[in-house]
Structure formats: structure tokens, C-alpha cells
Amino acid sequence: MRNLLYNLQGKTAKPRDENVPSDDDEDEDEDGDLMDNGGNKLEDSHDEIEEDDDGRHVRMLEGITGMPSEAFEGKKKKNNVVISEAYPESEYNPTRDVLDGDGRISMEDLLGTLQKKPGFGKLRKIMDQMKKSEAIEAPLPTVIREKMERQAAYKISKKDMAKWEPQVKRNREAPTIYFDEDTDLGFSTVGAIASEFEPRTEFEKKMASLVYDDDVMEAHKKDGSRLLELNQVSVEDEKERHNRIAKMRSLLFRHEMKAKHIKKIKSKTYHRLLKKDRLKTAAALTEMDPEAAKEQAMKQEFKRAEERMTLKHKNTSKWATRILQRGLQVQDEEEEDEVPDSGILSLPFMERGLKKRKEAAEEEAKLALQEYEVSMKQLDDPSGAENSKIKASSGRRVFGAAKICAPESRDVIKTDNFYANSDSDDDMEAKENIFDVGKDGSSDMQKDVHVDSVLPNEFHQDSVFKSFDDIVRDPGPKTTYDVAIFASDKWRKMESRNKVDANSKKSPVAVEPEYNQDLQEPVKEVGENSDTESEGQMVDGIISLDPKPTYELPSQTELIRQAFAGDDVEEDFENDKQEILNEENPEPEKPVLLPGWGQWTRVQKKKGLPSWMLKEHENAKRKREEALKKRKDAHLKHVIISEKLDKKAEKLLTKTLPYPFTSKEVFEQSIRMPIGPEFNPATAVGALNRPAVVKKPGVIIKPIEFKEVNPHENKEDHKWSGQKQKMKKSKSDGSIPRKKMKKAEGKSKKVN
Amino acid sequence: MSVVKATKEEKEKKTEEEEISEDLDLKVKKYLRGGAANFDDLKDKKLKGQLSHREFLHGASAKAAAKYEKWLMPSEGGYLEADGPVEKTWRIKQEDIRREVDISSSRNQHDVILPEFSPYTLAFTSNGQYMAAAGRKGHLAIVDMKNMIPRREIQVGETVRDVVFLQDQSFFAAVQKKYTYIYGQEGIEAHCLKDQGAVLKLQFLKNHFLLASINKFGQLHYEDVSMGAMIGNIRTGLGRTDVMQVNPYNAVVGLGHSGGTVTMWKPTSSAPLVKMLCHHGPVSALAFHPNGHLMATAGKERKIKLWDLRKFEVLQTLPGHAKTLDFSQKGLLACGTGSFVQVLSDFSGTQNYSRYMNHSMVKGYKISNFLFRPYEDVLGIGHSMGWSSILIPGSGEPNFDSWVANPFETRKQRGEKEVHLLLDKLPPETIMLDPTKIGTVKTARKKEKSTKKEIEAEMEATIEAVKDGINMKKKTKGRSKPSKKLKKRQEIIAKAKRPFLEQQMQDGQLSIKKQKISEEVELPKSLQRFARKKAAT
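As you go down the protein sequences, you meet chains P and Z in turn. Numbering of the first sequence is given in our numbering, commencing with residue 1 and proceeding in unit increments. Numbering of the second sequence is given in our numbering, commencing with residue 1 and proceeding in unit increments.
Simulated from the structure, these hints should not be mistaken for laboratory data. We treat Cβ as the ideally placed atom computed from N, Cα and C, and that holds for glycine.
Some but not every residue of chain P turned toward chain Z, in silico, with C-beta under 8 Å:
{"no.": "1", "residue": "347"}
{"no.": "2", "residue": "641"}
{"no.": "3", "residue": "642"}
{"no.": "4", "residue": "646"}
{"no.": "5", "residue": "648"}
{"no.": "6", "residue": "649"}
{"no.": "7", "residue": "652"}
{"no.": "8", "residue": "655"}
{"no.": "9", "residue": "662"}
{"no.": "10", "residue": "663"}
{"no.": "11", "residue": "668"}
{"no.": "12", "residue": "669"}
{"no.": "13", "residue": "672"}
{"no.": "14", "residue": "673"}
{"no.": "15", "residue": "678"}
{"no.": "16", "residue": "684"}
Distance condition first, Cα-Cα at most 25 Å in a straight line; then the derived DSS-like pairs of lysine-lysine:
{"no.": "17", "chain 1": "Z", "residue 1": "442", "chain 2": "P", "residue 2": "623"}
{"no.": "18", "chain 1": "Z", "residue 1": "467", "chain 2": "Z", "residue 2": "453"}
{"no.": "19", "chain 1": "P", "residue 1": "664", "chain 2": "Z", "residue 2": "311"}
{"no.": "20", "chain 1": "P", "residue 1": "615", "chain 2": "Z", "residue 2": "497"}
{"no.": "21", "chain 1": "P", "residue 1": "630", "chain 2": "Z", "residue 2": "311"}
{"no.": "22", "chain 1": "Z", "residue 1": "305", "chain 2": "P", "residue 2": "637"}
{"no.": "23", "chain 1": "Z", "residue 1": "437", "chain 2": "P", "residue 2": "664"}
{"no.": "24", "chain 1": "P", "residue 1": "651", "chain 2": "Z", "residue 2": "425"}
{"no.": "25", "chain 1": "Z", "residue 1": "311", "chain 2": "P", "residue 2": "577"}
{"no.": "26", "chain 1": "P", "residue 1": "629", "chain 2": "Z", "residue 2": "437"}
{"no.": "27", "chain 1": "Z", "residue 1": "43", "chain 2": "P", "residue 2": "655"}
{"no.": "28", "chain 1": "P", "residue 1": "163", "chain 2": "Z", "residue 2": "46"}
{"no.": "29", "chain 1": "P", "residue 1": "632", "chain 2": "P", "residue 2": "651"}
{"no.": "30", "chain 1": "P", "residue 1": "169", "chain 2": "Z", "residue 2": "43"}
{"no.": "31", "chain 1": "Z", "residue 1": "216", "chain 2": "Z", "residue 2": "366"}
{"no.": "32", "chain 1": "Z", "residue 1": "425", "chain 2": "Z", "residue 2": "437"}
Working from the sequences, and respecting the hints, build out all of it.
Here you go:
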């Protein structure tokens with residue numbers, strides 16, 4: 001209703017509606033223009049004549065109507081403004097005064113004509129209502145209106161949403177959200193579900209009424225035991241049932257056997273006849289029952305369509321069949337043949353080698369096939385064994401026989417080469433080889449080959465003996481050499497000093513009991529050091545140890561050496577440190593001029609090195625010093641702390657700061673506490689490792705419900721609640737904590 | 001009056017409570033491991049909230065732990081206390097102690113005389129249940145210390161230099177004349193470690209399952225006994241030594257050398273982590289405090305030094321020889337020379353060690369090595385006539401932790417423990433000077449390559465600086481025309497820009513080259529000359 005009114009209002013008030021007459025207006029103007037263009041001169045010339053005409057016309061009107069001339073004044077004036085009309089005045093062409101104002105068409109004018117029509121009263125009423133609500137503003141454009149609407153809606157919805165904020169905030173800030181508060185998992189047994197069953201349908205209700213009939217229930221209660229008795233089955237009944245079932249089973253079995261037998265029959269004629277039979281019966285059926293036949297046809301058609309859909313009929317084109325038959329295989333072969341574009345195998349000589357090897361393999365395969373065929377033939381022939389020998393000496397057969405012995409001989413030669421090259425001491429295998437050869441040598445055919453192979457063996461043995469001789473002749477230098485490698489510089493120094501001593505002492509030192517070594521000073525230890533190897537050869541185990549240890553006072557010289565042992569130690573250490581520092585932060589090179597440059601004149605020579613060179617050098621020096629200052633051992637004269645990075649241990653460090661953290665200190669502090677059960681009391685472990693969401697499997701998480709939450713809730717409360725939980729837990733497992741705690745302590749010692 | 005009394009009592013109670021709370025606070029501090037960082041600088045509110053919650057949980061955990069320690073620890077360690085200023089604890093002899101202690105403890109004072117096979121080297125299992133004694137002349141014995149029964153004795157018929165237990169009593173390793181052997185519980189040889197050479201000293205790192213050994217040539221070997229793999233083979237290059245100890249805190253192996261230096265090693269680096277000059281004479285003995293911060297060294301120049309390993313500085317220098325040193329679980333330091341044992345203590349906790357007990361053995365007994373028995377107030381001494389054991393009150397940890405080591409372990413528990421130990425085995429890389437560094441952020445040694453943005457910003461900054469610095473001289477006619485000035489200005493700016501642009505170009509080329517290289521499969525260098533030369537396209 002409102003809408004309708006609005007529309008009406010709009011229509012009456014909208015300027016658009018006034019456009020219609022304005023169109024006419026324009027037309028008029030155009031007409032006027034035309035008139036102007038056409039009759040400009042006419043106007044000028046007829047001005048006076050018109051005035052005269054007007055005067056006469058007024059007078060005439062006065063005469064006729066008897067009204068004063070003033071009444072016609074306005075008309076006249078208007079006539080002055082409005083120049084002649086092109087068209088006669090009509091309802092399609094209203095006069096200017098009608099358009100301009102006083103003579104406007106009002107609603108009443110329009111309604112006047114409708115007065116006698118039915119429904120006029122209604123229209124009138126609406127009109128009256130419209131008159132009452134007078135000034136109606138033009139509605140805003142839709143864009144702005146909608147925007148306003150949205151704003152209002154937003155305000156309301158914002159208010160609506162804001163009430164959730166504290167609740168959501170609390171949930172967000174909570175370290176753990178629990179969803180297992182009311183864990184009613186519902187029915188867990190069939191009985192529980194059944195007990196809740198309520199009959200709904202007719203049938204169910206009927207059943208329920210019967211089942212829960214009071215009489216029945218009572219009767220059941222009363223003589224339930226008797227009912228049980230009635231359940232008894234007689235022996236005859238049971239026997240009969242058994243027999244029946246047995247018969248059924250045997251029938252089924254027979255039928256099955258028969259079907260199997262028929263399926264096994266391979267006779268084509270039989271099957272053809274069978275098929276014919278089947279068709280006949282089918283045809284008879286179709287004749288008998290056209291409906292069924294139709295159905296059958298439909299079914300078959302459907303089956304056929306289904307079959308067509310399968311892959312079986314997919315690749316039936318000529319090309320596809322060809323590819324299926326051979327194309328794919330061919331492609332595969334090509335792929336096999338392909339040589340990789342890059343890598344070791346792409347090298348030309350590798351390619352060649354591959355080709356060669358492949359050819360060889362093929363040939364071998366061919367030979368193997370031939371051989372196989374031959375052997376098969378021999379097996380087939382009863383007299384093959386005799387023939388083989390004869391055949392061996394002639395033509396093709398020789399090849400096969402020779403082939404058998406050839407690889408063996410090659411093998412032997414190969415091993416010979418190996419041993420000849422190596423000076424290892426496992427010549428036993430080589431010897432065994434010879435024995436093998438000797439055994440095999442009984443066969444006539446392979447003899448010559450073995451004669452060849454024996455010779456290099458002997459040669460090899462000689463070489464081995466030679467090398468043994470070498471070892472026996474001078475074992476000494478070797479051992480001393482080893483010691484020289486392993487001992488440090490200091491040791492070497494002392495060794496060189498006392499070399500003669502050590503050599504002369506050799507045997508006595510070896511026999512000396514070892515636990516005296518601690519009294520001996522480094523020098524003596526060196527002696528022992530060099531002799532440890534020979535000790536093993538000369539004496540063995542307990543025998544070497546003197547059963548009665550005797551304590552010998554160290555000699556004077558040794559005591560003096562002991563006293564002054566640490567004199568140069570400090571200097572050595574400093575040198576060591578310097579070396580290591582230089583290694584890690586090398587000293588910058590001193591700037592030097594190219595010979596010949598800047599040396600032509602004395603002036604240049606006096607100037608010295610260019611300033612930039614000096615600057616660079618200084619910079620490098622400063623950098624090095626800074627680096628040295630940064631070292632942990634910069635202020636510790638007696639300590640060298642290695643600054644080398646351990647690449648293997650790097651994987652135990654984090655590469656970058658993990659996401660929410662922005663400062664290294666905070667992160668490192670946050671990981672300082674272990675959270676495992678070994679390091680924390682049992683009461684705290686649960687809280688430390690609780691997941692963000694605690695929920696039991698199977699529990700449905702319901703959408704959030706509105707709850708009044710105090711937005712300015714104290715955080716202390718939270719904490720307190722957490723503690724309460726913990727207390728509860730501690731009550732539940734009171735016995736364990738002690739142990740765990742101790743573990744925590746122990747581990748902390750170990751790790752921290 | 002009564003009211004006054006009551007208030008007094010209340011006051012007393014209060015003070016008691018305060019005392020307890022103070023005590024607890026101290027303990028809580030210990031369990032908090034340094035406390036939280038300052039969160040005030042954090043701008044991320046979410047992270048702040050999370051961290052503060054975490055800290056709260058840690059605080060609760062520490063408090064609970066402190067309470068357990070306070071109330072549930074079964075016993076407190078005792079020690080000798082002098083009655084007055086006249087009496088000195090070091091005057092108290094073993095005989096005096098024997099009179100005071102119970103029978104089971106007095107059984108721990110004994111001498112075992114076995115002169116035929118001595119001197120003896122001793123080793124204890126980590127729970128102190130078993131002792132291995134190795135006579136130099138081939139006698140190996142496993143002794144059940146609780147029942148004082150030798151479990152197994154074998155004679156290997158070779159020199160035996162050292163013996164250690166592996167993870168527990170079921171295996172022990174003995175250094176014999178040529179090789180190191182691992183024996184089972186029954187004394188049956190399980191392994192022969194041939195590739196370590198003639199070893200002088202063995203140590204077992206029980207958290208890593210590594211057997212560390214130093215051989216006659218100064219080579220340090222690390223062998224993983226759970227897999228049988230050689231983990232590290234390091235040439236120390238500092239000569240022969242048999243002074244070796246493992247720092248129980250970080251499993252770093254310390255070696256003492258003849259040059260007076262002590263070096264510390266880990267299996268994954270060939271250079272020593274730390275090399276420090278401790279003495280002017282050769283280092284004769286070395287020991288680490290169980291907390292890992294204290295090291296004691298003895299030099300042949302008659303000095304015993306205590307070092308703070310956090311600062312690598314000397315804490316205390318004591319006069320005297322020591323052929324062997326050992327720290328007890330409670331931090332007592334024993335030094336042994338000749339036939340004389342001296343025990344130092346710092347019961348005040350100031351790390352200022354002073355004389356606590358003395359013990360001299362029968363003349364002629366030369367101490368070869370000694371060890372404190374874990375979880376007992378006992379010092380086992382191996383010497384030239386066998387071995388003996390004496391009581392040192394206050395040396396052992398009174399409260400054992402069955403998760404770490406259980407002195408009353410049953411067979412089943414032992415089995416379980418072995419499995420747990422194997423599961424918790426630490427990889428050898430975790431050995432480092434400061435194990436708390438594990439998991440922290442890697443320190444960037446070199447400054448990473450600056451990003452494109454940074455480079456651009458730098459370039460702009462320099463250009464701005466150059467622009468500001470341009471100061472045109474007034475030159476003779478024609479040379480300070482505006483056009484010339486502009487040209488000059490542009491030239492200066494371009495010059496400042498050039499190095500940056502060049503750098504960019506180079507980087508671009510490098511990246512292109514890299515791409516090209518990475519596209520091809522790289523050949524080994526020896527084969528590269530055979531590769532087909534591709535036409536440059």
C-alpha cells in the first residue's frame with residue numbers, strides 16, 4: 001500500500017513527468033524560430049497595423065460583452081508576448097498560459113471527467129490523503145541510501161558482535177581449551193539404545209502393543225519357565241530336520257558336480273548343441289510371451305552398450321592397434337638404447353665401450369645358445385659321448401671344447417699377474433692354484449695351457465721370498481720411522497739428543513718393568529717408546545716383567561732436567577698460540593712495490609710507498625687486531641680456545657630465530673627449561689606438555705555459546721585455576737613424584 | 001604472661017616459616033635455571049602472553065621440585081666436624097672412624113694384599129655396586145662391593161694397563177699389552193679393539209656410549225661401543241701421555257701433557273677445543289668436578305691447581321705432588337702421592353679447598369690410582385701391593401636417583417636401564433664445551449650477503465651524501481656555466497653510483513653462471529677433459 005502511494009507521489013512530483021509538455025514546448029520554440037526566420041520583416045512592417053487591429057477588436061468585444069476594456073487588457077498583453085500560434089489550440093497543443101501557471105491543470109480538473117465512473121470515491125480518498133501529507137522530499141539516490149542502510153546495519157551488527165569479544169579473547173588467550181567438560185557420549189550399548197526406542201509407525205505401534213501387552217507380560221512372568229519347556233524339540237523332529245538338510249546338501253553338491261562336468265566338456269559339437277537348445281527355448285519363450293521378449297532385448301542392448309563402454313573397444317583404430325601390437329615395445333627398446341646426454345656415460349669413449357660390451361654380450365649369448373643346442377643334441381644321441389672326442393678335433397666342435405678350458409687358463413694368468421704385482425704375503429692361494437692346475441692337468445687337452453701358467457707362478461714366489469728377505473734384513477729403521485711420525489717435535493728433539501743412548505739401552509729398557517716409567521722422565525719414556533715394537537718380538541707377557549720391582553733413585557742429571565723442564569714451556573705455549581691465531585686470522589701482507597716502479601729518481605724513492613697502500617695495510621692490520629680482541633681467549637695468556645666451527649655440531653643449532661620471537665635472548669631463555677618427565681616433577685609435567693586443545697575422541701565440538709564473561713577479568717584467576725587443576729592431579733598420583741623429582745635433579749646435574 | 005608466651009611462640013613459628021620459605025626460595029632458584037628473560041621489551045602481545053604462561057608453569061614446576069627436595073630427600077650427607085679449635089679433622093685416623101661407624105660401613109675399610117699381580121688399577125660401575133680391579137700382571141677381578149665377593153677373576157697372561165666398566169657391570173674393557181679387549185660379565189672375551197693401538201688409558205662416556213682411549217703415540221680414539229664404529233681418530237701431536245679424564249658435565253675429554261698443557265677434546269674436531277698451560281712441569285694428574293665447572297691438575301713441579309672452567313682461570317694453587325687426583329660426588333678432592341692420601345674439601349661452598357683428611361698407608365705401598373666409590377663414603381685405592389679402601393665421611397651422594405644410578409639395582413632393573421640408556425644415547429656431535437648451547441640460534445660468523453633492498457638503500461644514502469658534499473668552485477669564465485656545472489654534478493653522482501652497479505652486474509653474472517653449471521651434471525675432475533665441448537650458443 002505504501003509503495004503504491006509512494007509511486008503515485010513520485011509520479012505526481014517527479015520532474016520527469018513534466019517533461020512531456022516541455023517536449024511540446026521545444027517543438028513550439030522550434031516552430032517559433034522558424035516563424036522568426038521566416039517572418040522577421042513581416043513583423044516589422046505590420047507592427048502598426050496590428051496595433052490598430054487590436055484597438056478595433058477590443059472595442060468590438062466591449063460592444064458585445066458590455067465589459068470594460070481593462071478585462072481584455074491582459075489578454076491583449078499576452079497576445080503581445082505570444083506570437084501567433086502555428087497550430088490551433090487543442091488538448092494536444094495547450095496554450096502557453098495553461099503551461100505557465102495560472103491556468104494549470106489540477107487534479108480536480110482531471111478527476112472531474114471521471115466523476116461518474118465507478119471507483120471514483122476510492123480515488124478521491126487517496127487524493128485527499130495525498131493532499132494532507134504535503135511536502136514530500138525527493139528520495140536520495142540509491143547508492144547513498146544503500147550506504148546509509150549498510151551503516152545502520154553495521155552499527156547494529158557491531159553491537160551484536162561486540163558482546164562476544166571478551167569470550168573470544170579469553171579463548172584466544174587461554175593456553176589450553178577444553179572440550180571435554182560434559183562428555184556424555186550417549187548410548188554405548190545396544191540395550192541402552194533399545195530401551196530408548198519409541199514406536200512411531202503403525203506396525204511398530206502394533207508390535208509394541210503386543211509385546212508390552214500386560215497379559216502377555218504377566219503370563220511370561222508367571223510361566224516363563226514353562227514356555228522354556230515348550231521349546232523342547234523331540235528326537236524325531238530333529239532327526240527329520242537333519243535328514244532334510246542332508247538331502248538338500250547332497251542335491252546341491254550333485255548339481256554342482258554336474259555343472260562342473262558340463263563346463264569341462266571340450267567337445268565343440270556338444271556345446272553347439274547345447275547352445276542351440278538354449279536358443280530354441282529362448283525363441284519359444286519370445287513367441288509365447290512378447291513382453292518378456294522385449295525386456296530381454298532391452299537387457300541385451302544395455303549389456304552391449306556397457307560392453308562398448310569398456311576399454312576393450314577403445315583402441316580399435318588401425319594406428320592404435322599397431323602401436324599396441326609393436327609400437328610400445330619398439331619405443332621401450334629405443335629408450336633402452338638411449339645413452340644419457342650428460343654424465344660419465346656420455347663421454348665418447350664410454351659410449352664406445354658400452355657398445356663394445358653390448359656386442360660382446362650378444363656374441364656370448366649366441367655362443368651359449370649354440371653350446372646349449374649342441375649339448376642337447378649330445379644328450380639326445382646315445383652315442384654322443386664317443387662322438388664328442390672325435391668331433392673335438394674337427395671343425396665346429398673344437399670351438400666349444402676350447403671354450404671350456406680357455407676361461408680357466410685366463411683366470412690363472414690373471415691371478416698370477418695379481419700376485420706378481422702385489423708384495424703381499426698371501427701366496428698360499430697362489431700355491432693352491434698350482435695344485436688345482438696339477439689335478440686338472442691329467443686331462444690331455446688342457447695340458448699345454450697349464451704348463452704356461454706354472455712358469456709365472458714360480459717367478460712370483462721368488463719375488464715374495466725376496467721381499468721377505470728384505471724385511472728380515474732390516475726391521476729396525478721401519479719402527480723408528482713410525483715413532484718419528486707419531487711423536488711430537490719435542491720428543492723428536494730429545495730423541496735426537498739421546499739417540500745413541502736409546503739404541504744402546506734397547507734391550508734392558510724393554511725388560512724393565514713398566515710401572516717404573518712414571519718415575520722416569522720423558523727422555524726415558526722415549527726410549528721405551530721406540531722399543532715397544534721390538535719388545536713384542538723378544539719377550540712375551542709376564543716373562544718380560546720383573547717379579548721383584550726395585551726402586552731406583554733417579555740420577556743427578558735426570559733430577560736437574562726435571563727441575564728445569566718447565567723453563568721454556570711458557571715460551572713454547574706463546575709461540576703455539578701465536579701460530580694458531582695467525583692460522584685463524586692471517587697477518588696482512590706487507591705492502592711492497594714492484595721492482596723498478598717508483599725508483600727512477602731519488603725524489604720518488606724518498607716518497608716511499610703510495611699512501612693508499614699504506615692505508616690498506618693499516619686497515620687490514622686493524623681488522624685483524626679487532627678480530628683477535630673479540631676472541632674469548634684474548635685476555636687469557638695461558639689459554640687457547642678454538643674458534644673453529646664444528647660443522648657436524650651445526651645441525652644442533654637453529655639457523656634462524658623461530659617465528660614469533662624477535663630477540664635471541666628471549667628465545668634462548670625460553671628454551672632453557674626442559675619439559676620432559678625426566679626433568680620435572682610428575683605434578684608439573686602434565687601442565688607443561690598439555691596440548692592447545694584437549695578433547696576426547698568422539699566428542700562433538702559444539703559451536704560456541706554466549707556466556708557472560710567479565711572482560712576485565714584478572715589473569716590471576718586463570719593462574720589460580722591452573723594451579724587448582726594441578727593440585728587435583730598431584731592428589732591423584734601422590735606416590736610417583738618423589739622418584740621423578742630425583743630424576744630431575746640427577747639429570748639436571750648431568751646436563752646442566 | 002601466658003598471652004606474651006603465646007605471641008613469642010607465634011613469633012618463633014613465623015621465623016621458622018620464614019626460614020623454610022627462604023630455604024625453598026634458594027632451591028627454587030636452582031631449579032629455575034637462571035630465570036626468565038625480561039619480557040618488557042617484547043612487542044608481540046601474543047608471544048608475551050604465551051611466554052609468561054610458560055614461565056608460570058616453570059615456576060610451579062620448580063617450586064614443586066624444591067618442595068620434594070626439601071621434604072622427601074631421605075638423608076643428608078654427613079661429614080667430620082672438629083669439636084673445637086684445637087681438634088683438627090685431618091688428625092682423625094681411620095681407626096678412630098672405625099670405632100664410631102656401624103658394621104656395614106666398617107667393612108668398607110679393608111686392605112687386599114696381592115703383591116704378585118700388583119700394582120692395581122680400579123674402576124667402579126656408575127652405581128658403585130661393582131668394582132673392577134686390574135693387576136698390572138694380568139689379573140682381572142670383578143668384585144661385588146655390597147657382598148664383598150669376587151664375582152669373576154681371570155688371568156689374561158699379559159700386562160694390563162687400565163680397566164673401565166662400560167654402561168654397567170655386564171661389560172668391561174681392559175687395556176692389555178697390545179690391544180684393548182672387552183670382556184663380558186663372565187670374563188669371556190667379547191671384542192678385541194685392534195685399531196686403537198697400544199692404549200695407555202681408557203675412559204667411557206656413558207651418555208654417548210663412547211670408549212675414549214689414548215695410545216702410546218698420543219692418538220685419541222673414540223669408539224662407539226653400541227655400534228662398534230670408530231667415531232673419532234685424532235692425533236694430539238703432543239706426545240705420549242696417560243693422564244686422561246672425562247668431564248662428566250659435557251663429556252669433553254681432558255688430556256694432560258708433558259709440556260704442562262691440558263687439552264680438551266671432542267670426537268668431531270681434530271683440533272683441541274681448549275689448550276691451556278697449567279703447569280711448568282709435565283701434568284701428572286687431572287680430575288673434573290662432577291658439576292663440570294672445576295678442574296684440578298697436578299704438575300710435576302710440586303703444584304696442584306684448581307681451575308674454574310667457565311673463566312679458565314686459576315682459583316687456587318696448592319703445594320704438593322699428586323700422582324693421582326679424584327673428585328668425589330660431593331666435591332671432595334683426593335690427592336695421592338707415594339703412600340700418602342690427602343683429601344681436601346670445601347664444605348663452605350666457596351670453592352676454597354682446605355685440608356680435610358689424611359691417610360697414610362703402610363710404607364712401601366705406592367699408590368697407582370684411586371677412585372671415590374659412587375653413593376658411598378669410600379675411597380678405593382689401587383697400590384703396589386694390592387688394593388685397599390678407606391672411609392672418607394661426606395664424600396658420596398647420600399640420595400641416589402634410581403633413574404640415574406641405583407646402588408640396589410636388581411637384574412631386571414639393570415636390563416630395563418640398559419635399554420633406556422641405549423634409547424637415550426646421545427650422538428657424538430652433542431659433545432661440546434657448553435652443552436646448553438644446543439638448540440640456540442647459530443651465531444652468524446660472517447655477515448650474510450646484504451639483500452637487494454639494503455644495497456639500494458645504501459646506494460641512495462651514498463648518493464645523497466655525495467650530492468650534499470658537492471661544492472663547486474668559482475672558475476674562470478666559461479667553465480662555471482650552468483650547463484658545465486650540471487654536467488660535472490652528474491658526473492660526480494655517476495662516479496659514486498658505479499661501484500654499486502658493478503657489484504650488481506657481477507652478482508647477476510655469477511647467478512647466471514651458477515644456473516648454467518647446475519643444469520649440467522658435473523663430471524669428476526679427472527674426466528672433465530674428455531667431455532664433449534659444446535658450441536657456445
